[in-house]
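Read top to bottom, the protein sequences are chains A and B. Per the numbering used here, the first sequence starts with residue 1, numbered consecutively. Per the numbering used here, the second sequence starts with residue 1, numbered consecutively.
Derived by calculation from the structure, the hints in this document are not laboratory data. Quantities reported herein were computed from a predicted structural model and do not represent experimental measurements. Watch out, some of these pointers could steer you wrong.
Claimed, not checked - Computed cross-link-like contacts, PhoX-like style, restricted to lysine-lysine with a CA-CA straight-line distance of at most 25 Å:
1) B:Lys-101 to A:Lys-101
2) B:Lys-126 to A:Lys-87
3) A:Lys-225 to B:Lys-225
4) B:Lys-87 to A:Lys-225
5) B:Lys-223 to A:Lys-126
6) A:Lys-223 to A:Lys-101
7) A:Lys-223 to B:Lys-126
8) B:Lys-87 to B:Lys-49
9) B:Lys-126 to A:Lys-225
What the hints assert, rightly or not - Here are a few chain B residues that sit away from chain A, every Cβ distance over 12 Å (derived from the structure):
10) Arg-24
11) Asp-232
12) Glu-273
Don't be surprised by glycine CBs; every beta carbon is placed ideally from N, CA and C.
Number of protein chains: 2
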Amino acid sequence: MSITSFNPPVRTLMGPGPSDVHPRVTGAMARPCIGHLDPAFVGMMDEVKLLLQYAFKTQNQLTIPVSAPGSAGMETTFQNLLERGDKAIVCQNGVFGGRMKEVVERCGATPIMVEDDWGKPVDPQKVEDALKANPDAKLVAVVHAETSTGARSDVAAIGAIAHAHDALLLVDAVTSLGGSELRVDEWGIDAIYSGTQKCLSCTPGISPVSFSERAVAVITGRKSKVQSWFLDTNLVMGYWGPNAKRAYHHTAPVNALYALHESLVMLQEEGLENAWQRHLDNHLALRAGLEAMGLSFVVEEAWRLPQLNSVTVPEGIDEAAVRARLLSEFNLEIGAGLGALAGKVWRIGLMGHSSRAENIFLCLSSLEAVLGEMGAPIETGVALAAAQARLSGD
Amino acid sequence: MSITSFNPPVRTLMGPGPSDVHPRVTGAMARPCIGHLDPAFVGMMDEVKLLLQYAFKTQNQLTIPVSAPGSAGMETTFQNLLERGDKAIVCQNGVFGGRMKEVVERCGATPIMVEDDWGKPVDPQKVEDALKANPDAKLVAVVHAETSTGARSDVAAIGAIAHAHDALLLVDAVTSLGGSELRVDEWGIDAIYSGTQKCLSCTPGISPVSFSERAVAVITGRKSKVQSWFLDTNLVMGYWGPNAKRAYHHTAPVNALYALHESLVMLQEEGLENAWQRHLDNHLALRAGLEAMGLSFVVEEAWRLPQLNSVTVPEGIDEAAVRARLLSEFNLEIGAGLGALAGKVWRIGLMGHSSRAENIFLCLSSLEAVLGEMGAPIETGVALAAAQARLSGD
C-alpha cells in the first residue's frame, strides 16, 4: 500500500449541499490550530455565539455550534427535550421529517405523524388536529426547508398553534439558515438546528443550534439524563453558559470553528436580509432560464425555496446519466431526487456562495448542452437570455 | 456588533491535545470542498479506511472515521454494543474511565466499576475478579492511554481475560493511536475509538473507530435499535460496507476528512513503528531534561506514556500562573491536571508533530526560565544539556 496526498477536483457545487465554500472560509480553516481552552479561542467562541444569534435572529443564550453535522444537531434538540414515554408531533413532507421520526423513537418517545405529500408544505390544520387528539404532546417538530423536495413550510403559523396547545416548537433549519427568511424569536421557535454546508458557504461538519428559555427550562428540569453524553446541553452549558467556568467538556473541532466564524463574519458583512434577497434574486434568474428551456418545478410557487430548486426530469431522460455528464464534462454537481422523488427530479442548489450569477450561467448552459445531445424535448438557445434579463432586473 | 476575521496566535501545543498540526495537514484541509457523494470523495474515503486499518494494525472491515470528536467515538462504541439491561465492566484509573461509566449508564446498561488509583495502570486481576462476580457482563472497557494521568494499561492482558469470560474488549485509544504500540487484531480488541488531534498531528473533530467481526455480529444481532441515529453503525455500514451502495447517511465533514487523510499519509510515509520509536526517543530526552531540573514524574516508569508526561508541580508554586506565563511569554501551551490531579500536576504532551527536538528545547528552556523567576527549587542550567545528550543517543 502506498497512498499519496489527495488533490480533489475543482467542482462547482449546485446540489443540496455542501455548496461552494468561499476561499476566505477555507483560508480561515487552514490557520494554525490552537488549544480549545486557549483564551484566544474562548474569545472567538464568544463571537461565534453572537454571530449565530444574529443569523438566527434570536436572543437565546443557549445558541451554540454542535461539534458534528446537522443530523447530530437534530439529535441534540430531540434528545435534550424528550424523555422516555413522551409524545411528539412530527410533521413529515419529505426525507427529513422521516429522520425526525426515527430519532424520536430512539429517544423512547412516541411520534405522532402528520403527513403531507412530498413537495407540499406542512398543513397547519393537520397539526392543530393532531394536537387536539394528543393534548399531552410535548412538542411539534417541523422542517422549515425540506432539502429533499425544495418546499418551505409556514413555521410561524405552526408555532402559534403549538404554543396555543402548550407544546414546544422544534424546527429543522438546515437548508434555510442564511438563505431565506427565518426569525427564531419572532416565530416562537423553541429549539432549532441547522448545518454549516448550505447557505452559510462553510464546510460541512458543524451544526448551529439554539434553544429558547422555555426549552432550557424543560432541559434543566428533566427527570432522566440525556441519552447522549456528547450531546447533553446540561454539560455543554458548563462551557457556554453566561456564568460558565469554560469547563472542559470535549475537544472542540478548532479549525472547523475558525471556518464557521469566518463564514458568519461574511454573512454579517453582507447583511442577513441582503443574503435572503440575493438567494431570491438568483433563484428567479435560474427559474427564468429553466422555464425558458421548458423545464418545470416540482413545488408550487408560493412554497418554493429559492436556495433549492427541484426540477422535473424530462420524460425519457436518464437523470443519473445527465448528472454524471455534468460532473465529468463541466465539473458541475447537481443533486438527485431522494426517497419518493428518486429518479424523477433534480435538485439544483443555489446556496450561500453557490448563489451567484456565474453559477446560474454554468448550470443553464451545461444542462442545455447535455440535454440537447441526449435528445430531450427542450427549447435551446433561450435560457441564458431569459436568466440575464432577470438578473438585469428587466 | 461588528466582528472581524479571527487570526489566532501561533502557539506551540504541548498540552494533552490538540497537538501541533503539520502545515501539510492544514494545507490539505483548505483544498476546495467537493460533494460527499462525489466519486472522487468516495475514492478518498476508501483510502482513509485502508490507512486507518494500517494505523490500528487491523483487518477489521468496519474501520471508519466517525464525523465528530473522540467523545462521540466513545459513544459510538458503547451505544452500538450495549442494549438496555446489559452489564459492562468499566475500568477507571482517571477521567476517561469515569466518562465511560456515564455513557454506559445513559445506554440504560449497568456499569460494574473496577477502580485503580489515578496514575496507576488498570490491574488485570481486578478485571478477572469482576468478571467472575459478573459472568453475564457483555464487555470490558478500558482506557489504553489515560490522557488525564499519562498512564498506560496492559490492554492485551485485559483482553485475554475478557475473552476467557466471553466478554468483548472495548478500548479507548484516543491518546495512543500513532504514538505508542497498539495492535488491534493481535490484542483481540473488539471495539476501539481514537481522536485525530493527538498523535496523528491532525486537527480535532474526527474519531477513528474500528469493530471486530465478533463486535459486528453483536451489532447486527441487536434486539433494539441503537439509541443514536447519527452514530448507528448499522446505517453507516450502508455507506462503508464491502458491498455497500454508498448510500447517503449524513453529510460527511469533507475538509476535515481531507486533513485526516493527509495526516495518515504522513504516518504511512514515516512508518508506524518509526512513529512509535520517535515518540519514545523524544519522551526520554524531555524526561532527561525535566529530571535534571529536579522535576519528577507522576507515573512509574513501566507504565509511563511517552506522548503524555505528567509532572508533579514543585511545592509552593502556583501551577496556573506558570501555564499563563508560558502561554503569554513563549506562546507555549502545556496542560493542567484534571480531576483528582487538578492543581498538582502539569501534563506535557509530545504527540504527533509536537514530538520533536525543537519543542523539547522550547519547553525545557521556558519552563526553567519561568520556574526560576518564581523561585521554585529547581536546578538551572543543566536541563538542555541532559536532553541534548539523550537526543544524540549518548
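Outcome of the hint check:
{"no.": "1", "hint": "B:Lys-101 to A:Lys-101", "result": "violated (29 Å)"}
{"no.": "2", "hint": "B:Lys-126 to A:Lys-87", "result": "violated (44 Å)"}
{"no.": "3", "hint": "A:Lys-225 to B:Lys-225", "result": "holds (19 Å)"}
{"no.": "4", "hint": "B:Lys-87 to A:Lys-225", "result": "holds (18 Å)"}
{"no.": "5", "hint": "B:Lys-223 to A:Lys-126", "result": "violated (34 Å)"}
{"no.": "6", "hint": "A:Lys-223 to A:Lys-101", "result": "holds (22 Å)"}
{"no.": "7", "hint": "A:Lys-223 to B:Lys-126", "result": "violated (34 Å)"}
{"no.": "8", "hint": "B:Lys-87 to B:Lys-49", "result": "violated (31 Å)"}
{"no.": "9", "hint": "B:Lys-126 to A:Lys-225", "result": "violated (29 Å)"}
{"no.": "10", "hint": "Arg-24", "result": "violated (8 Å)"}
{"no.": "11", "hint": "Asp-232", "result": "violated (8 Å)"}
{"no.": "12", "hint": "Glu-273", "result": "holds (15 Å)"}
Of the numbered hints given earlier, the model fails hints 1, 2, 5, 7, 8, 9, 10, 11; all others are met.
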